[in-house]
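Please put together the full structure from these sequences, using the hints given.
There are 2 protein chains.
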Amino acid sequence: MTDKPTLAILGGTGNQGPSLAMRWARAGYKIIIGSRQAEKAQRVAAELNEKLGIHTIEGLQNDDAARTADICVLTVVQSAHQSALKGLKEALQGKVLIDTTARVEFRDPKPPEQPSAARLAQEILGDGVTVAAAFQNVSASVLRKNLDQPIKADVLVCSDDLEAAEQVIALAESGGMHALYAGGLDNAVVVEGLTALLISINKHYGGHSSIQVVGINE
Amino acid sequence: MTDKPTLAILGGTGNQGPSLAMRWARAGYKIIIGSRQAEKAQRVAAELNEKLGIHTIEGLQNDDAARTADICVLTVVQSAHQSALKGLKEALQGKVLIDTTARVEFRDPKPPEQPSAARLAQEILGDGVTVAAAFQNVSASVLRKNLDQPIKADVLVCSDDLEAAEQVIALAESGGMHALYAGGLDNAVVVEGLTALLISINKHYGGHSSIQVVGINE
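Residue numbers (the numbering used here), protein chains in the order written: chain A, 1 to 218; chain B, 1 to 218.
Hints are computed from structural coordinates only; laboratory data are not their basis.
Check each hint, because a few of them may be wrong.
As the list claims (entries may be wrong) - Below, in silico cross-link-like pairs of lysine to aspartate or glutamate (EDC-like), each with a Cα-Cα straight-line distance of 16 angstroms or less:
hint	chain 1	residue 1	chain 2	residue 2
1	B	K110	A	D160
2	B	K110	A	E113
3	A	K110	B	E113
4	A	K203	B	D160
5	A	K30	A	D70
6	A	K4	A	D70
7	A	K152	A	E173
8	B	K110	A	D186
9	A	K110	B	D186
10	B	K203	A	D160
11	B	K4	B	D70
12	A	K40	A	D64
13	B	K30	B	D70
14	A	K86	A	E113
15	A	K40	A	D63
16	B	K86	B	E113
17	B	K86	B	E123
18	B	K89	B	D127
19	A	K4	A	E166
20	A	K89	A	D70
21	B	K89	B	D64
22	A	K110	B	D160
Claimed, not checked - Sample of chain A residues facing chain B (criterion: CB under 10 angstroms; computed from the structure):
hint	residue
23	V77
24	A80
25	S139
26	V142
27	A153
28	L180
29	V190
30	A196
31	Y205
32	G207
33	S209
34	I211
35	G215
Claimed, not checked - Simulated restraints, written as ranges between beta carbons of each label pair:
hint	chain 1	residue 1	chain 2	residue 2	range
36	A	P5	B	H204	20 to 30 angstroms
37	A	K152	B	G207	11 to 21 angstroms
38	A	P5	B	E166	40 to 50 angstroms
39	A	G53	B	D160	42 to 52 angstroms
40	B	L162	A	G94	43 to 53 angstroms
Positions of the beta carbon are idealized from the N, C-alpha and C atoms, including for glycine.
This is the structure we're talking about:
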């Protein structure tokens with residue numbers, strides 16, 4: 001019936017991973033939740049299946065999830081970013097990896113320095129993996145609020161591979177997010193840093209801020 | 001009649017400076033165009049007066065302009081950023097300086113590294129000057145298009161001094177720009193970097209892109 005790629009949400013038991021997973025499951029993608037512990041992945045998969053009234057979301061250990069999927073989405077906590085990538089290097093060969101990591105602390109939000117998290121991922125994984133950066137600023141609570149409603153936030157997609165970027169843009173759109181190609185992996189450090197600004201804005205004004213790009217000819 | 005502060009647009013003979021100057025002149029601010037050469041400043045001031053059908057815009061050498069003004073707006077080309085600040089250090093003591101510099105090349109747009117241009121400005125000028133960063137991403141051509149129309153772009157204002165940030169926000173609003181406080185001077189490196197992303201977006205999609213912040217409780 002479907003030629004949609006299978007998605008693995010690696011480190012997908014937190015806040016951001018399940019929020020994205022639910023939107024993509026609703027859009028008809030086959031979803032695998034990955035975690036370091038298979039049981040934890042299975043428990044979260046079962047919870048999401050129950051919430052959505054489906055039974056197609058699976059839970060696997062991260063490396064099994066990565067091997068089974070066509071596109072992998074990394075949603076680990078920032079402190080686990082590099083160690084997770086090192087452990088998954090082999091399983092990720094030949095895949096597209098979407099890195100959602102923003103290395104910003106909520107309590108003391110500072111813009112991170114180059115290399116971007118996604119550039120680091122590319123360096124760790126090597127040329128056999130195509131890395132894109134996206135979804136760093138999309139609020140989990142906004143994603144969850146009305147799963148079938150488009151959200152008012154633009155996803156900035158950075159990749160050195162335009163074809164991969166276009167896959168990510170299509171994925172974002174299928175989850176109700178407007179997405180734009182915003183240049184190569186080095187530009188992703190700005191998207192990470194935007195998280196620091198948006199946290200500052202939220203602390204000052206309240207709310208769950210995000211950005212939209214205006215003034216383009218689409 | 002007016003208690004509006006006098007504004008000096010330092011290095012104000014380029015593209016961005018006059019565009020901002022015209023909007024603020026229309027909003028009733030007293031404007032001084034600054035340049036390294038007084039004659040050049042006077043020529044641009046005369047051109048702007050003619051365009052607007054007024055005669056209140058003055059042209060002075062940068063340091064005279066800075067001394068006369070309450071708020072100074074730095075719109076020099078990025079290669080002159082540090083040398084201009086060093087030369088103006090004395091004249092700027094006691095003032096608010098708004099740094100509009102984005103250290104990004106159009107041909108090869110890369111996000112700049114910390115310290116932000118505005119943090120550098122603060123370090124060069126010392127504690128006697130209150131620095132804010134703003135207007136880095138606002139397109140001169142968009143500003144000029146309909147001088148009396150609000151523009152569809154949010155100005156992100158960064159400063160370690162909230163009172164100065166609020167002055168800049170009021171100034172932006174008076175020129176038809178929506179503005180938000182986005183944290184301290186270190187956050188300004190992200191706003192500079194956004195320029196690189198917006199150039200990438202413009203090259204890919206066409207147009208004059210800018211950003212808007214959505215989802216806040218104002």
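Evaluated hints:
1. B/K110 to A/D160: Measuring from Cα to Cα gives roughly 13 angstroms; hence the hint holds.
2. B/K110 to A/E113: holds (13 angstroms)
3. A/K110 to B/E113: holds (13 angstroms)
4. A/K203 to B/D160: Distance ~15 angstroms between A/K203 and B/D160 Cα, so the pair holds.
5. A/K30 to A/D70: With a Cα-Cα distance of about 10 angstroms, the restraint between A/K30 and A/D70 holds, given a limit of 16 angstroms.
6. A/K4 to A/D70: holds (9 angstroms)
7. A/K152 to A/E173: holds (12 angstroms)
8. B/K110 to A/D186: holds (8 angstroms)
9. A/K110 to B/D186: It holds: about 8 angstroms lies between the C-alpha atoms, which stays within 16 angstroms.
10. B/K203 to A/D160: holds (15 angstroms)
11. B/K4 to B/D70: Holds - the C-alpha atoms of B/D70 and B/K4 are around 9 angstroms apart, at most 16 angstroms.
12. A/K40 to A/D64: holds (14 angstroms)
13. B/K30 to B/D70: Distance ~10 angstroms between B/K30 and B/D70 Cα, so the pair holds.
14. A/K86 to A/E113: At roughly 21 angstroms apart (the allowed maximum being 16 angstroms), A/E113 and A/K86 break the hint.
15. A/K40 to A/D63: holds (14 angstroms)
16. B/K86 to B/E113: Since the Cα atoms of B/K86 and B/E113 sit roughly 21 angstroms apart, the hinted pair is violated (cutoff 16 angstroms).
17. B/K86 to B/E123: Distance of about 10 angstroms is within 16 angstroms: holds.
18. B/K89 to B/D127: Holds, at roughly 11 angstroms.
19. A/K4 to A/E166: Measuring from Cα to Cα gives roughly 14 angstroms; hence the hint holds.
20. A/K89 to A/D70: This hinted pair holds, its Cα atoms lying about 15 angstroms apart.
21. B/K89 to B/D64: This hinted pair holds, its Cα atoms lying about 12 angstroms apart.
22. A/K110 to B/D160: Satisfied, since the Cα-Cα distance of roughly 13 angstroms is no more than 16 angstroms.
23. V77: Cβ of A/V77 sits 22 angstroms from chain B, so the hint is violated.
24. A80: Status violated, d = 24 angstroms.
25. S139: holds (8 angstroms)
26. V142: holds (7 angstroms)
27. A153: It holds, given that the least Cβ distance between A/A153 and chain B is near 7 angstroms, below 10 angstroms.
28. L180: holds (6 angstroms)
29. V190: holds (4 angstroms)
30. A196: This interface hint holds because 6 angstroms falls under the 10 angstroms limit.
31. Y205: OK, holds: A/Y205 within 10 angstroms of chain B, min 4 angstroms.
32. G207: Holds: closest Cβ of chain B sits about 4 angstroms from A/G207, inside 10 angstroms.
33. S209: Hint on A/S209: holds, closest Cβ of chain B at ~5 angstroms, below 10 angstroms.
34. I211: Result: holds, 5 angstroms to nearest chain B Cβ.
35. G215: holds (5 angstroms)
36. A/P5 to B/H204: 20 to 30 angstroms: holds (23 angstroms)
37. A/K152 to B/G207: 11 to 21 angstroms: holds (20 angstroms)
38. A/P5 to B/E166: 40 to 50 angstroms: At 48 angstroms between Cβs, range holds.
39. A/G53 to B/D160: 42 to 52 angstroms: Because 51 angstroms falls inside the window, the suggested range holds.
40. B/L162 to A/G94: 43 to 53 angstroms: holds (51 angstroms)
Violated hints, listed in ascending order, are 14, 16, 23, 24; each of the other numbered hints is respected by the structure.
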